[in-house]
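**Q** Okay, here's what each chain looks like letter by letter:
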Amino acid sequence: MFEAFDAVFLARLQFAFTVSFHFIFPSFSIGLASFLAVLEALWLWTGRSVYLDLFKYWLKIFALAFGMGVVSGIVMSYQFGTNWSVFSDKAGPVIGPLMAYEVLTAFFLEAGFLGVMLFGMNRVGKGLHFTATLAVAVGTFFSAFWILAANSWMQTPAGYAINAGGQFVPADWWAIIFNPSFPYRLVHTVFGAYLTTALVVGAVGAWHLLRGKSAAGGGSEGTRVMFSMAMGMISIVAPLQIFAGDQHGLNTLEHQPVKVMAMEGHFKSYPEGAPLVLFGWPDEAAGKTLFAVEIPKASSLILKHSWDASMKGLDTVDRKEWPPVPVVFWAFRIMVGMGMLMLALAAFSLLARARKRLYDWPLLHRFALAMGPAGFVAVIAGWVTTEVGRQPYTVYGLLRTVDSASALDAPAVGASLVAFVVVYFFAFGAGTYYILKLMAHPPHRGEEGPRRDQPVRAAGLTPAPVVARSLATGKEA
Amino acid sequence: MPFDLPMFFAFIIAFAILAYVVLDGFDLGVGILFPLLPVGQERDSAINSVAPVWDGNETWLVMGGGGLLAAFPMAYGMILSALYAPIIAMLLALVFRGVAFEFRWRDPRHRPLWDVAFSGGSIVAALAQGITLGALLQGIAVQNRTYAGGWFDWLTPFSLLVGVSLVCGYALLGSTWLVMKSEGSLQERCYRLAFRLAIATIVAMAAVSAATPFLRDAYWLRWFAWPQVLFSAQVPVLVAIVTFVLFWSLRRGHHYTPFLMALAIFGLGLAGLGISLYPYVVPPSVSIWDAAAPHDSLAFMLPGVLVMVPIILAYTGYSYWVFRGKTGHEGYH
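Sequences listed follow chains A and B, in order.
Using the working numbering, the letters of the first sequence correspond one by one to residues 1 to 477.
Using the working numbering, the letters of the second sequence correspond one by one to residues 478 to 810.
No lab work stands behind these hints, which were simulated from the structure alone.
Where hints are given, some of them may not hold.
Stated by the list, open to error - The calculated label-pair distances, taken between Cβ atoms and stated as ranges, are:
1) B:Glu660 - A:Trp173: 51 to 57 Å
2) A:Gly337 - B:Tyr795: 49 to 55 Å
3) B:Leu637 - A:Phe5: 27 to 33 Å
4) A:Phe5 - B:Ala687: 41 to 47 Å
5) B:Gly744 - A:Phe243: 31 to 37 Å
6) A:Glu448 - B:Leu783: 39 to 45 Å
Even glycine gets a Cβ: it sits at the ideal position worked out from N, Cα and C.
Can you make the complete structure from the sequences, with help from the hints?
**A** Written as structure tokens, this is what we have:
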């Protein structure tokens with residue numbers, strides 16, 4: 001049934017599917033880990049119990065999300081080999097060690113601190129527990145650091161040589177890790193993770209504010225505090241993210257101009273200032289963007305900071321070097337659109353705050369609720385923009401995607417793709433349902449943490465609860 | 478002689494595989510035995526005994542895969558593309574089984590469904606790992622640094638034999654683990670199961686061992702050429718001794734010895750595997766040194782490995798020590 005498809009295309013689809021699914025969980029848990037650290041810090045600083053309640057409320061959700069991230073991550077460490085064996089062989093000497101460091105970092109985090117964070121409250125002392133929470137937050141950041149270094153190297157390769165076997169070999173690790181696009185990508189991705197989490201927290205807060213309105217009026221203290229914190233975070237990070245994205249775009253223009261041409265839908269060159277295409281339908285075969293709604297010269301202004309700056313288009317590039325233009329074009333617009341909506345939400349919340357109506361303006365709450373999934377949408381769309389925009393290369397400009405694949409057979413790749421889709425939707429669909437069930441209860445006073453006597457899988461290797469219990473009762477577990 | 482980095486990393490990866498097989502082996506084994514345990518307290522006790530440790534155990538699988546990519550990228554690509562179907566089946570089975578741990582507790586209404594996911598996932602994962610091993614042993618056709626065989630080269634009577642053997646072996650590990658961790662009716666049941674599984678495992682292991690030298694002349698020579706035979710013959714002798722102790726300790730009702738002997742059988746099995754394969758990482762043609770990443774890649778990873786692996790081992794050992802003793806059906810208390 002899959003003979004009609006191109007095997008490499010199916011392999012790309014499979015990788016896109018598994019990596020996108022995997023990316024959903026970390027983009028939430030990176031932000032959530034930091035949010036938890038902030039909550040605990042506020043609790044230690046102010047002594048207000050509402051922060052502790054919120055900490056425990058979100059900790060249960062964090063445990064579930066982190067667990068699913070681990071399970072989907074196991075798949076990723078084998079996906080490179082099954083479908084992309086030539087890539088693994090050639091790029092392995094450079095990106096392999098970066099990923100090995102990611103595994104070691106994650107291992108350390110899992111083994112050392114996650115268990116203390118989940119189960120160690122009341123048992124290891126406040127200072128040590130806060131240290132564990134901070135370590136988890138820093139650990140998720142380190143994971144992102146290494147994996148984005150590897151990804152960025154594939155986008156803007158540097159510091160390498162090529163040996164007789166055709167492999168990329170490391171020449172300068174510093175240049176490899178801090179390759180030209182890495183700092184921009186790291187900042188843009190981490191901000192994206194923060195926004196994603198803030199939007200989810202905000203939506204949960206908004207949901208309970210809307211529901212609590214009829215009952216007690218304005219929701220519980222925990223609901224208000226988390227809604228306010230989430231809106232505050234979005235108000236700060238959304239503008240910063242737009243700035244960071246702009247800087248990332250300029251970096252892309254410098255190193256991967258063809259990607260920017262596809263993002264902008266510029267099929268032809270504009271020697272006297274390029275228009276900003278707001279909407280349209282890029283027709284690759286005809287080589288033009290149909291039904292384009294444009295702002296004249298605005299693209300040159302944004303990307304070159306001059307109305308009349310000349311910009312080259314895809315007509316200056318061999319068609320063999322084009323990425324799939326409509327996908328990149330639309331994914332980029334979805335991401336930017338989400339960013340603009342986040343900015344609108346930020347402005348709305350600031351207005352409500354100024355008028356002291358943050359907790360009783362149902363329109364704001366409905367807007368925040370609707371924006372709950374916006375972070376995930378933006379993160380995935382941004383990921384698609386940058387990854388599809390890198391096509392037709394895996395290592396940009398050096399190793400083509402078609403030359404990276406294993407000797408693939410369409411039916412085998414197609415069948416495994418279907419299996420991945422079915423299993424992921426079933427397994428992670430259930431996980432998402434359980435997370436939503438946790439979110440359906442508002443945070444309340446005296447919130448319980450994850451229960452230590454139940455087999456919570458993300459407990460990992462830590463013996464902390466048992467140690468603490470045996471210390472408390474004066475006998476061995 | 479300069480420090481042989483490829484050899485060092487080959488040991489590290491072999492160690493990660495050993496750690497994975499024995500550690501995840503017993504928790505997969507508990508999953509394989511799951512359908513044989515009555516619903517209720519016995520199942521809850523069994524799953525609780527592995528709940529705190531299984532995901533740490535599985536991290537060794539990520540370490541093995543990630544390590545192979547980093548240290549032997551060419552072998553990583555060859556092996557995984559040659560063993561496409563069993564690898565994907567294993568990954569999907571592990572996803573199912575992993576989420577079932579938590580979901581069966583969170584969602585009692587659908588517990589029977591998650592129990593099927595848990596045991597089905599465990600069986601498929603074990604079978605797929607055995608098939609992978611068998612297919613690797615029988616050799617992988619390569620050309621121009623990539624896999625050059627067909628889609629179903631992995632599927633042979635030999636690889637299926639190894640697959641079934643591994644299912645038996647993991648079930649043996651699981652049953653002896655439960656003997657060690659449980660009391661009462663569950664423990665009695667596991668003594669009986671362990672006895673039968675020990676017979677099955679030894680028979681299967683003997684069959685695999687007898688078939689292996691016939692796969693390739695090179696294996697025959699490795700095992701039987703003079704004077705290596707003096708060294709290689711130690712393995713079956715040790716297996717015989719360990720097997721004797723295993724049966725004896727099961728008869729005598731020891732708690733810890735059966736599990737330790739089952740671990741020893743796995744260790745010896747892997748030593749035998751090492752004797753067959755060395756110095757190849759992808760038999761019959763790609764050696765450790767052919768497949769190794771360049772010196773600079775290996776050297777870059779060395780400090781990370783030297784610092785982290787001892788910490789991980791110390792921590793793992795410590796947590797198993799803390800969790801020693803019996804598990805109740807309500808979890809560790």
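**Q** Would you list, in rising numerical order, the hints stated earlier that this structure does not obey?
**A** 5
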